[in-house]
Amino acid sequence: MWMPPGQNQSWVSEFILLGFSSDPTSNRVLFIAFLLLYLSSVLGNALIITLICLDMQLHTPMYFFLCILSLLDMGYVSTTIPQMLVHLLAHSQMISFAGCWLQMYVFGALSLTECIFFVVMAYDRYVAICHPLRYTVILSWDLCTQLTAGTWACGFFFSLIHTFLTMRLPYCGPNMVNHYFCEGPSVQSLACMDTHFIEMVDLIISIFIVLVPLSLILASYIRIGQIILKIKSTQGRCKAFSTCASHLTVVTLFYAPAIYIYMKPNSSYSPERDKKISLFYNVFPAFLNPVVYSLRNKDIKGAFFKVMGWGRVAW
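Numbering of the sequence shown is given in my numbering, commencing with residue 5 and proceeding in unit increments.
Heads up, some of the hints might be wrong.
With a cut-off of at most 30 angstroms between alpha-carbon atoms, the simulated BS3-like pairs for lysine-lysine come out as follows [claimed, not checked]:
1) 243 to 305
2) 236 to 310
3) 305 to 236
4) 234 to 302
5) 310 to 243
6) 302 to 243
Simulated from the structure, these hints should not be mistaken for lab results.
Take these sequences, add in the hints, and give me the full structure.
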């Protein structure tokens, strides 16, 4: 249905989020599972932020970036999971048009920011391994602050473009979104007009925000790998590799499903499959990041024992 230029009033005033199941028993099981995942994600990332803030030895660029990553994870998982938990137990799964707009924008902003922020973390590892003696000189606190502010600004700007174009589409019914939150492709599939233009805009944004950062990350790690192979001692190579393995694991978990969801045409949109795949870049990274970064990190574990007053415990 065509809408005159400048008319931004949609026929639909609210959406219904169908979620994963309509069976009450299944929903109760899903509620417990996602509640545990959400609490673990929030508490785990909050613990990392607290430890980094309290321990002066962790006031380095690497842990500053890890603190920002944990903050991003807490933010975007909190834009979707709490509402999904409510809908799993409630009789109504409605979300207002404005609420959908806000959820799409905030989730997109934080997700896009994290996409770019992984490049900053890769650059941190590049400097630490390839220029260890100049690490604190190159990554000054001014530069760290500027890089962080720049990634947040880009994420919120590009998300605004995506959300604005998506929510200006005419929605004249049906209003049932086969998803557990207002994700761009799932909402666009309900528009009663051709979405080719916004698909092209999303593709361009994805190239700048996903493919370009991913290429820079790969280039950084190719160079890092070349330097690691030149290290003569096996112990030195293992130590250098371990500092990068955590980041590579998280990047893989985040980028692979995100590329699949946002870089394919809406014509191949499959709601049942796509909403499950979205869990791999929405829920699981926020849950796994504290595990990946803390259980293998002696500095984080040392800070935890110190805060708990177990400084003399062997670890």
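The hints, checked one at a time:
no. : hint       : result
1   : 243 to 305 : holds (17 angstroms)
2   : 236 to 310 : violated (34 angstroms)
3   : 305 to 236 : holds (29 angstroms)
4   : 234 to 302 : holds (25 angstroms)
5   : 310 to 243 : holds (23 angstroms)
6   : 302 to 243 : holds (12 angstroms)
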